[in-house]
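Protein chains: 2
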Amino acid sequence: MKFSPLVDELIKSLQCLPGVGPRSAQRMTFQLLERDRAAGHKLGQALSEAMADVGHCQRCRTFTEQTLCPVCDNPKRARSGQICVVESPADVLAIETSGQYDGRYFVLMGHLSPLDGLGPDEIGLDRLEQLLQDEAPQELILATNPTVEGDATAQYIADMCRESSIRVSRIAHGVPVGGELEYVDGTTLALSLSGRREL
Amino acid sequence: MKFSPLVDELIKSLQCLPGVGPRSAQRMTFQLLERDRAAGHKLGQALSEAMADVGHCQRCRTFTEQTLCPVCDNPKRARSGQICVVESPADVLAIETSGQYDGRYFVLMGHLSPLDGLGPDEIGLDRLEQLLQDEAPQELILATNPTVEGDATAQYIADMCRESSIRVSRIAHGVPVGGELEYVDGTTLALSLSGRREL
Ligand SMILES: [Zn+2]
Ligand SMILES: [Zn+2]
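Those protein sequences? They're chains A and B, same order as listed.
Under the numbering used here, the first sequence has 176 at position 176, and the numbering climbs by one with no breaks.
Under the numbering used here, the second sequence has 10 at position 10, and the numbering climbs by one with no breaks.
Hint data in this document are derived by calculation from the structure and do not stem from the laboratory.
What you were told as hints is all true, and nothing was included just to trick you.
Same chains, same label: a pair holds when it works inside one copy or across any pair of copies.
Here are the simulated DSS-like cross-link-like pairs (lysine-lysine), alpha carbons at most 30 Å apart as the crow flies:
id	residue 1	residue 2
1	Lys42	Lys12
2	Lys76	Lys2
3	Lys2	Lys42
Pulled out of the complex, with its shape left as it was, chain A reads as follows:
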C-alpha cells in the first residue's frame, strides 16, 4: 500500500487507460480528489453505464446501446444499395461528416491481424458474408485504412466476394498513404469516395 486503499485502487485502475502510467494516474487521482469530485463522480457513472449498456449494432457492428444504430435504423440509407466497410466507428463519423455518402456501413472493429489473434471471424467477416446474402447490395465500398493491414483486409474481403455479382470498390485518391482514415478532412474523403475504383 502506498496511499489509502481506495486511493491506491483508483491509481491502479486508471492505468487500464491507454497512455496512462503510474505517474499520470497518480496526478489524475489527486486532481479529481482535490479539485473536481463532481467530474470524478460523473466519469464513474458514465463508465459504469457505458460498459454495461453499450453493445454492437446487430446489423453493422458499430457501438450503440440500441439494437440498431441510427444509420441502420433509417430505411432511406438502404436505397443506394451500397455498403461501406470501415475499421472503426470513428471512420463512420468521418465519412458521415464528409456528407458524400448515403448508404449503409459495416464496421469491422479492427483489421485482420493474425499475430494478434484477429482472424476473419474476429472482425465479423462471417457476419458480413451473411449480410451480403441477405441484403444483396449493388456495391461494397472498402474504406479500410490505407495501411498495410487495412489494404490486406480490403483485399481479403474483395477475394471473398469474387464469386458473387456484387461490385467491390476500394476508396482511393486523396487519402494519404500510411495515414489513418479518421484524421482525414471531409473534402479529401469526398474525393476519395468519388475516385474509388473496382477491385
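On the provided structure of chain A, position chain B with the ligands as indicated by the hints.
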C-alpha cells in the same frame, strides 16, 4: 451527437482527466468498450468509491477514508516532536520511502498561490496554527517544493511561527532547485533532511 449518447457521454467525461483531450478520450472509450470492459467497470467502481469515501485526515489533511491516516494514528510518530510540512500526499510517500523520518506530517494540498485563489486558509494554515498550539511540537520542518511558490509558502509559515518558541527549519541540501520533491530519490531526500537549517 457524434456517436451514441452513452458513448458520447463517456468521451466527454474522460476529458475531466488532466492531459486528456477529445482524441485520446475517444481512443480510451473505444479501447475499453472493445477490448477491456472488465477494467472499465472496475475503474468506474473505483472512481465512484474514491470520490464518495475518500476524505482528509482530520489531523494532517492527507487523503484517507479514515478519520486519521495511519501515520497520525500511530502514537510512536508523535515521540520525536517533529512536524514535517509538505505540499502533497505524494511528498509524504517520498519522505516515508527515504526511511529517515519518524515524526508526523502536515499536508498543505498545494502551496500559496494568490492568483489561483489559494490563500493561507485554502492550504490549511489556520488548521496548522491550531495544531501547533495543541501539539506544541519542538520542530517544524518545512519540506515544501524548492520552487518559487514552495519557498514563498515556507517563508510565510516561518514568519507565522516567529513569535512562538518552535524551531522552524527548511530542508536544504540535495534537492535540486526548481525540481519537484516527489521525484527526488530517497538518498537525496535523506541528505536534504539531515542538512536542514533554521529559518
Ligand atoms: Zn448499424
Ligand atoms: Zn494524518
